[in-house]
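If you want the building blocks of each chain, they are given just below.
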Amino acid sequence: MKVFKLVPFSKDNADRVLGWRNSEKIRLNMLDDSVIEHSAHKKFLAVLAEDDSMAYFVVEFKGASVATIYFTGLGSDKVTWGCYIGSEKTIPGLFVAIVVIAVKYSFSLPTTRILRSEVAVYNSNPIKLNRFLGIPETSRFSRSTKTGRNVEFIEYRLTSEERNGVLAKAGKVMPSSVKQSCEEFRLEK
Amino acid sequence: MQVREVILELFEEALESTESRLQCSELKDDTVLLDSGLDSLGFAILVARLEEELEFDPFVEMEEAVYPITFGDFVAIYENRVKKG
Numbered sequence: 001m002k003v004f005k006l007v008p009f010s011k012d013n014a015d016r017v018l019g020w021r022n023s024e025k026i027r028l029n030m031l032d033d034s035v036i037e038h039s040a041h042k043k044f045l046a047v048l049a050e051d052d053s054m055a056y057f058v059v060e061f062k063g064a065s066v067a068t069i070y071f072t073g074l075g076s077d078k079v080t081w082g083c084y085i086g087s088e089k090t091i092p093g094l095f096v097a098i099v100v101i102a103v104k105y106s107f108s109l110p111t112t113r114i115l116r117s118e119v120a121v122y123n124s125n126p127i128k129l130n131r132f133l134g135i136p137e138t139s140r141f142s143r144s145t146k147t148g149r150n151v152e153f154i155e156y157r158l159t160s161e162e163r164n165g166v167l168a169k170a171g172k173v174m175p176s177s178v179k180q181s182c183e184e185f186r187l188e189k
Numbered sequence: 001m002q003v004r005e006v007i008l009e010l011f012e013e014a015l016e017s018t019e020s021r022l023q024c025s026e027l028k029d030d031t032v033l034l035d036s037g038l039d040s041l042g043f044a045i046l047v048a049r050l051e052e053e054l055e056f057d058p059f060v061e062m063e064e065a066v067y068p069i070t071f072g073d074f075v076a077i078y079e080n081r082v083k084k085g
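From first to last, the protein sequence lines are chains A and B. Position 37 of the first sequence, counted from 1, bears residue number 37 in the working numbering, the numbering being contiguous throughout. Position 38 of the second sequence, counted from 1, bears residue number 38 in the working numbering, the numbering being contiguous throughout.
No lab work stands behind these hints: they were computed from the structure. Any given hint could be a false lead.
What the hints assert, rightly or not - Derived lysine-lysine pairs resembling DSSO-like cross-links, with alpha carbons at most 27 Å apart:
1. A:K2 / A:K172
2. A:K169 / A:K104
3. A:K146 / B:K84
4. A:K5 / A:K89
5. A:K146 / A:K62
6. A:K11 / A:K189
7. A:K43 / A:K89
8. B:K83 / A:K62
9. A:K43 / A:K25
10. A:K5 / A:K42
11. A:K89 / B:K84
12. A:K78 / A:K2
13. A:K42 / A:K25
14. A:K189 / A:K2
15. A:K146 / A:K42
16. A:K128 / B:K28
17. A:K25 / A:K5
18. B:K84 / A:K2
19. B:K28 / B:K84
20. B:K83 / A:K2
21. A:K169 / A:K62
22. A:K25 / B:K28
23. B:K83 / A:K89
24. A:K89 / A:K104
25. A:K89 / A:K25
26. B:K28 / A:K89
27. A:K78 / A:K146
Starting from the given sequences, assemble the full structure and let the hints guide the process.
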């Protein structure tokens with residue numbers, strides 16, 4: 001069976017990651033909406049190597065890199081996560097599968113009690129998906145992005161008690177092709 | 001009912017269930033799926049519903065990952081699967 005693989009950020013996938021991350025459509029939804037240079041990314045990789053509270057991965061599916069997923073606050077009771085989909089092709093259920101992976105990965109750590117995310121108010125895909133899955137909106141706040149835009153963000157929080165309900169709802173809208181593959185995703189070294 | 005008709009019917013249903021609207025005048029074979037108005041949740045719902053109706057998910061059976069870019073690609077994947085039986 002083809003499973004999802006989480007491949008840590010490295011110099012080997014830097015070009016692909018930056019190609020996605022620096023595209024206008026991705027930056028529009030980020031708090032840091034600046035273009036990231038290779039030199040800055042290289043420094044960030046060095047920080048990642050030393051900091052166990054953060055994990056950044058390229059998501060691979062059926063041999064292709066399709067997205068990134070990242071976590072901060074690992075080892076504390078509150079983990080924050082985010083993702084962006086890089087694939088230009090439409091992979092049915094991919095976004096739902098990535099949410100499932102985020103939930104399973106975060107709550108596999110014994111310390112995690114809350115999984116939170118922040119979504120720009122105009123980013124309708126995750127807003128609709130969070131609503132559909134029953135992940136509650138907990139606050140709204142405005143922030144100035146790195147390039148100086150003032151953007152309102154929505155915070156979503158999922159508690160460990162609520163996670164099984166979310167996973168059950170996700171299972172109803174995942175086609176077999178991704179449902180089977182994210183039952184057990186694999187962490188690459 | 002032909003596969004294309006089933007897809008069109010469930011495409012409409014997926015748009016409604018995600019409170020989305022078609023972003024073009026009509027779905028044509030060259031309509032890019034990402035520009036159609038159906039978002040990622042809607043597309044997941046569409047394929048999951050098609051699996052219920054047709055009793056197969058063509059994407060699970062593919063040796064090589066082939067994913068549609070246009071609506072025509074999407075329909076062809078299902079039609080080819082039906083032809084194979």
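Outcome of the hint check:
Proximity of K2 of chain A to K172 of chain A is assessed by CA-CA distance (about 20 Å); at most 27 Å being required, the pair is judged to hold. Between the alpha carbons of K169 of chain A and K104 of chain A the distance comes to roughly 14 Å, so the proposed pair stays at or under 27 Å and holds. For the given pair, K146 of chain A sits about 53 Å from K84 of chain B by alpha-carbon distance, which is inconsistent with the 27 Å threshold. Distance check on the hinted pair: K5 of chain A and K89 of chain A sit about 18 Å apart at the alpha-carbon level, within 27 Å; holds.
Restraint check: the Cα-Cα separation between K146 of chain A and K62 of chain A comes to about 35 Å, which exceeds 27 Å; the hinted pair is violated. Of the pairs offered as hints, the one joining K11 of chain A and K189 of chain A holds, with about 14 Å between alpha carbons and a cut-off of 27 Å not exceeded. With a C-alpha separation of about 31 Å, the suggested pair K43 of chain A and K89 of chain A falls outside the 27 Å cut-off, and the hint is violated. Of the supplied pair hints, the one linking K83 of chain B and K62 of chain A holds, its CA atoms being roughly 24 Å apart against a limit of 27 Å.
A hinted pair counts as satisfied when its Cα atoms are at most 27 Å apart, and K43 of chain A with K25 of chain A qualifies at roughly 24 Å. For the suggested pair K5 of chain A and K42 of chain A, the alpha carbons sit about 22 Å apart, so the restraint of at most 27 Å is met. For the given pair, K89 of chain A sits about 24 Å from K84 of chain B by alpha-carbon distance, which is consistent with the 27 Å threshold. Distance check on the hinted pair: K78 of chain A and K2 of chain A sit about 31 Å apart at the alpha-carbon level, beyond 27 Å; violated.
For the suggested pair K42 of chain A and K25 of chain A, the alpha carbons sit about 23 Å apart, so the restraint of at most 27 Å is met. Annotation: proposed proximity of K189 of chain A to K2 of chain A holds, straight-line Cα distance about 18 Å (limit 27 Å). Between K146 of chain A and K42 of chain A the alpha-carbon distance is near 19 Å, which keeps this suggested pair within the 27 Å criterion. Between the alpha carbons of K128 of chain A and K28 of chain B the distance comes to roughly 26 Å, so the proposed pair stays at or under 27 Å and holds.
Restraint check for K25 of chain A and K5 of chain A: the C-alpha separation of about 24 Å stays at or below 27 Å, so the hint holds. Under the criterion of a C-alpha separation no larger than 27 Å, the hint pairing K84 of chain B with K2 of chain A is consistent with the structure, at around 22 Å. Distance check on the hinted pair: K28 of chain B and K84 of chain B sit about 24 Å apart at the alpha-carbon level, within 27 Å; holds. For the given pair, K83 of chain B sits about 25 Å from K2 of chain A by alpha-carbon distance, which is consistent with the 27 Å threshold.
A hinted pair counts as satisfied when its Cα atoms are at most 27 Å apart, and K169 of chain A with K62 of chain A qualifies at roughly 24 Å. The hinted pair formed by K25 of chain A and K28 of chain B meets the criterion: a straight-line CA distance of about 25 Å does not exceed 27 Å. With a C-alpha separation of about 24 Å, the suggested pairing of K83 of chain B with K89 of chain A holds against the 27 Å cut-off. Between K89 of chain A and K104 of chain A the alpha-carbon distance is near 25 Å, which keeps this suggested pair within the 27 Å criterion.
With a C-alpha separation of about 15 Å, the suggested pair K89 of chain A and K25 of chain A falls inside the 27 Å cut-off, and the hint holds. About 17 Å separates the Cα atoms of K28 of chain B and K89 of chain A, which keeps this hinted pair within 27 Å; it holds. For the hint pairing K78 of chain A with K146 of chain A, the CA-to-CA distance comes to about 24 Å; that is within 27 Å, so the pair holds.
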